[in-house]
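Peer 1: Here is how the chains run, residue by residue.
Number of protein chains: 4
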Amino acid sequence: MNPLEQKKFAPVGHKRWAIAEGYIPKTSHGPEPEMTSHESICVLNVSDEETHLQIWIFYSDREPVGPYKVSVGARRTKHIRFNYFKEPEPIPRGTDFASIIESDVPIVVQHTRLDSRQSENALISTIAFADAESVM
Amino acid sequence: MNPLEQKKFAPVGHKRWAIAEGYIPKTSHGPEPEMTSHESICVLNVSDEETHLQIWIFYSDREPVGPYKVSVGARRTKHIRFNYFKEPEPIPRGTDFASIIESDVPIVVQHTRLDSRQSENALISTIAFADAESVM
Amino acid sequence: MNPLEQKKFAPVGHKRWAIAEGYIPKTSHGPEPEMTSHESICVLNVSDEETHLQIWIFYSDREPVGPYKVSVGARRTKHIRFNYFKEPEPIPRGTDFASIIESDVPIVVQHTRLDSRQSENALISTIAFADAESVM
Amino acid sequence: MNPLEQKKFAPVGHKRWAIAEGYIPKTSHGPEPEMTSHESICVLNVSDEETHLQIWIFYSDREPVGPYKVSVGARRTKHIRFNYFKEPEPIPRGTDFASIIESDVPIVVQHTRLDSRQSENALISTIAFADAESVM
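Protein sequence lines correspond, in order, to chains A, B, C and D.
For the first sequence, this note's numbering assigns the number 1 to the initial residue and increments by one for each residue that follows.
For the second sequence, this note's numbering assigns the number 1 to the initial residue and increments by one for each residue that follows.
For the third sequence, this note's numbering assigns the number 1 to the initial residue and increments by one for each residue that follows.
For the fourth sequence, this note's numbering assigns the number 1 to the initial residue and increments by one for each residue that follows.
Isolated chain A (complex conformation) (with noise of 0.2 Å):
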């Protein structure tokens, strides 16, 4: 339908970003996996190149955990869960963080909360911290 293959898009975005605000609900209301509690960061990687992405978990009380390994193809678009993190441990539940993203290339970031602790969803979404001079 569309000559999608011949299409470069120009690069947008940064290569690392910051995340203040994290916290998984501990407990959820309605239909699993769409209405249960989560915390997500969306990634957009519009280049040409598969990015391999490292994630650090920042706590209040002890050092830093990772990297969290995930990959997001070219032209392509990630939702991640930090619900789903296994290795090198799951974030634990009812828990404050916060988080650091590494890219390869120039990515965006967009973080976003599902909390159905009560009977009703609640929503935030909010672009990250663009680090605009990333040494990596």
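Source of the hints: derived by calculation from the structure; they are not laboratory data.
Fair warning: this is a prediction, and the values are worked out from it, not measured in the lab.
It cannot be assumed that every hint is accurate.
If chains are identical, the list can't say which one is meant, so a pair holds when it fits in one copy or spans any two.
Derived pair list, reagent style DSBU-like, types lysine-lysine, alpha-carbon separation capped at 35 Å [claimed, not checked]: (1) Lys26 <-> Lys15; (2) Lys8 <-> Lys26; (3) Lys26 <-> Lys7.
Since the structure of chain A is provided, determine the placement of chains B, C and D on it from the hints.
Peer 2: Below, chains B, C and D alone, put in the same frame as chain A:
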């Protein structure tokens, strides 16, 4: 009442914007179309020229689709619902996506979602990510 | 308690801001005025001068209306509800709009909506878009 | 598990941030303290130095109050509730305010509110406004 014809607005915004989060819920509660679950982009064009937007939708598992074409008049705002996109193809419900918005003139883009999957609605909104060095 | 008279705050913010999203819901639930559906801009002026804001409202189908005039004192915040705008004319309910805020001195602007159309309220908030090269 | 002792994080963020919106609701629904209405700032300090924050609260009708002093450890995040501020004085409930956050080292600040005035909670979150040319 106001001699609005004479008022010239200094340009504001950028020519290229990215939104990493996108999702049109499958279900809604409440009166249509006001309370129908939707994902939208609000565009402000303060310039004295109509602008022709080209919007590209990125997916997690296939090539980007576009351009979707939308015009925004001189000194006008337009709130565009992704739900209504038809050409080149509608955006499937219940699917993660991301978007790139390109404009002839500087604009400001804000991303908003109304989620009425559960009986009370939830809202998110954030200024989109501005590509400061847009090459289109 | 604090010798606040002496404290000088370094300037912060910009002189021109844009909000692409705007909508005052037609209906509300809950006690007035606290839970009345509203759209507001929160302004922070850390400077030692009162600032005189000029706000312009943009519509989808007619010319912009303004300026709406609001003052914010030195070292003060003001949370301004679009609902209360009267001169040159009230903003109609249930209508899409956008806004430009111009200030004499650098300010910070945040956009917030309380939507109580359904029985539980929903909230959005985002820092507005700052025009870095404001020419007023 | 990870040799976290060795990992050095490049600096990210700014030394001065502003939040124009602030409001601690008077009432709450749901189990305390998790579902208590609150207004908070999430701070991420990736540096190898503890930072000492100085926070100033601005009001609509009186002089700013501060500094409120909070420390955030090296490589730590802290989610700070305005509700808990005591010195120099508590922030009154049901009152509009704004804030300035100053730090010794670059940090990232995100603003979040949980509003549980009605029976279902609403959430907002946005990256705060970064003062790029901080002079402290």
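Peer 1: Each hint needs a verdict: does it hold in this structure or not?
Peer 2: Results of checking the hints against the structure:
Taking the closest pair of Cα atoms, Lys26 and Lys15 come within 35 Å of each other both inside a single copy (31 Å) and across two copies (33 Å). In this assembly of identical chains, the alpha carbons of Lys8 and Lys26 lie at most 35 Å apart only when taken from different copies (31 Å versus 43 Å within one copy). When the C-alpha separation of Lys26 and Lys7 is checked against a cutoff of 35 Å, the pair qualifies only between copies, where the shortest distance is 30 Å, while the shortest distance within a copy is 44 Å.
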